[in-house]
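Protein sequences, first through last, are from chains A and B. Taking the numbering used here, the leading residue of the first sequence gets 1, the next gets one more, and so forth. Taking the numbering used here, the leading residue of the second sequence gets 1, the next gets one more, and so forth.
Be careful, since some hints might not be right.
[What the hints assert, rightly or not] Output of the computed footprint for chain B on chain A, the stretches with three or more beta carbons under 8 angstroms from beta carbons of chain B:
#	segment
1	32-42
2	131-137
3	189-196
4	204-216
5	226-238
6	281-287
Since the hints were made in silico from the structure, they are not lab data. Quick reminder that beta carbons are idealized off the backbone N, C-alpha and C, glycines included.
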Amino acid sequence: MMESHVPPTERARFAVAGARANVAAVLGNQPRGDVVRNNAFAGLLLLSILIALAGLLALLIQAGAQGASAIGPNLLTEPPSTIDTANAGFRPALIGSVMMIAFVIALIVPLGVGAAIYLEEYADETRWWNRVVELNIQNLAAVPSIIYGILGLGLIVRGPIDLGFVLLAGAITLALLVLPIVIIAGREAIRAVPPSIREGSLALGATQWQTIRRQVLPAAIPGVATGVILAVSRALGETAPLLLVGATVFVTFDPSPLEGGYSGLPVQIFQYATRPQEEFQTVAAAGIMLMLVVLVAMNSVAIWLRNRYEQKW
Amino acid sequence: MEATSIGAGGPGGPRLEAPSKRRGEKAIQALLALCGLLSVLTTTGIVIALIGPTVGFFQEIPFGEFFTTGWFPTFNPPSFGVFDIVVGTLNVTLWGMLFAIPIGLGAAIYLSEYASPRVRKVVKPILEILAGIPTVAIGFFAVSFLLPIIQDVWPGEFLGGAEKPFLAIAAGLGIGLMIVPIIASISEDAMSAVPQGLREGAYAMGATKTKVALRVVFPAALSGIVASIVLGISRAVGETMIVVLAAGSTPNATLNPVESIQAITSFIATTATGDISQGSITYQSVFAAGAVLFLMTLAMNIISIRLVRRYREVYE
């Protein structure tokens, strides 16, 4: 293209060739050292991802390989046993986990969504108390789970609430533990609803609560649901706080919410894992497979929900 | 006020105030505020639960005896030198972070600067799954898979040899695996928030891709990266099941990776298992140890929250 505008003289041809060589030297191939260093660095980065993925894979394969021989209907239908080790299962622990999760959902959905609505729709961020609430929730999300166990032991099992070592105490402890997850996810979902939706509703004469209930909340449901699923899957896998609020007994009967001993799936896995006998190690590995299958399914639903219903306004 | 208001609702015009006082609206707002308040009550509850027995504990055990080594709470006479279990916690945290920081940051730089959108779309959910694996499963993995491997490859009698039934480094590596997705995802967020203009400016000056990643994007995202590491440390310090299963229960003030140790969390989890009598010195020592743990993680969480806020303010 350029050549057509340049007079066909020797001098101009040399000048153009020189300029091209310059441009090529600057923008063309990088020095060998740089290329090698770039590739080595990219290789190192890729290696770190591969190590993380290999760790995950090894964990799954190890639990699968060790637990394979114990996987069967016994796992779901039989109680733990020290005599009949070959048929030991997770029945009371599974029932305990399901009951606790039911209580957890009943507690975190109203409380978490309510707090999220308050913080996003009503709270005036310039007021110090609202900032305290916000900082507090962020910190609560990172408080070690065993500290919630201490809270449960000191205030729910004993102390002012004094429920005793019962399943409901475990459920309340777990609910408090995962509540920040629901609040944080709920706030993000509510914040993602554009202000124009609210303004349109208010302009048509709806009150603030009507606007929230009929416009904001329906639009935020996928995000809230994702948060609830993630919170429930966290609650399902938590062990440490339950150890402090009573779920340690070797329970061989089906639990009830307000009396008697109880257990949960991860606690039972822990129980088996700390016993030296080979059979119990195998049952522990099978229990881990069972728990991981449930959790991965739940997390996949959460990720799918988020991607499927992520609304672009 | 009503009489002097101007505009459409001014004198003579239609009144814009609601015909009723909207008591329902106020009640709903109060109810929602109560839900928000519950989170504050949870923190207050934690502090109250910790303070009572901790005060009782320090009435019997002087501070000087607490902040020293020698943790034998069930001996007669008992000894409460908390440094044993604090150092035990730091031991597993140290080895965990030595694994998690390079791997997590490498993964974050790769995802933010190198990976194609397709790779990112596959790898990020997988990392999220890793983040969602219960720690009891990671602990089991550490004790039944990592521990034997470490014992196999450990060079003989180096640092005393690795022939104990439990090893701090097995728990450390398990914790590292747990922390990697935390560091990777927060750091990746911070690096993705660095404006594209900074990268383009560096390329225009002739920087290579490595230099752009390491000298432009990395420093620009530093507050987020540090926040992710601090949060990772806080998680490692508070982790219970992995240490209980893989690190043993021998109070031991050492950073040696091939020793059996006891962490603060594993002391709490193995001691407060239902049948200890309320008001005994052992019961109180659980809460004192819990108070130490709570204060350690609280300090780190606040630092991390502040840092995350800073990068959000700068670039978003």
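- Item | Indices of hints not satisfied (ascending) | 3
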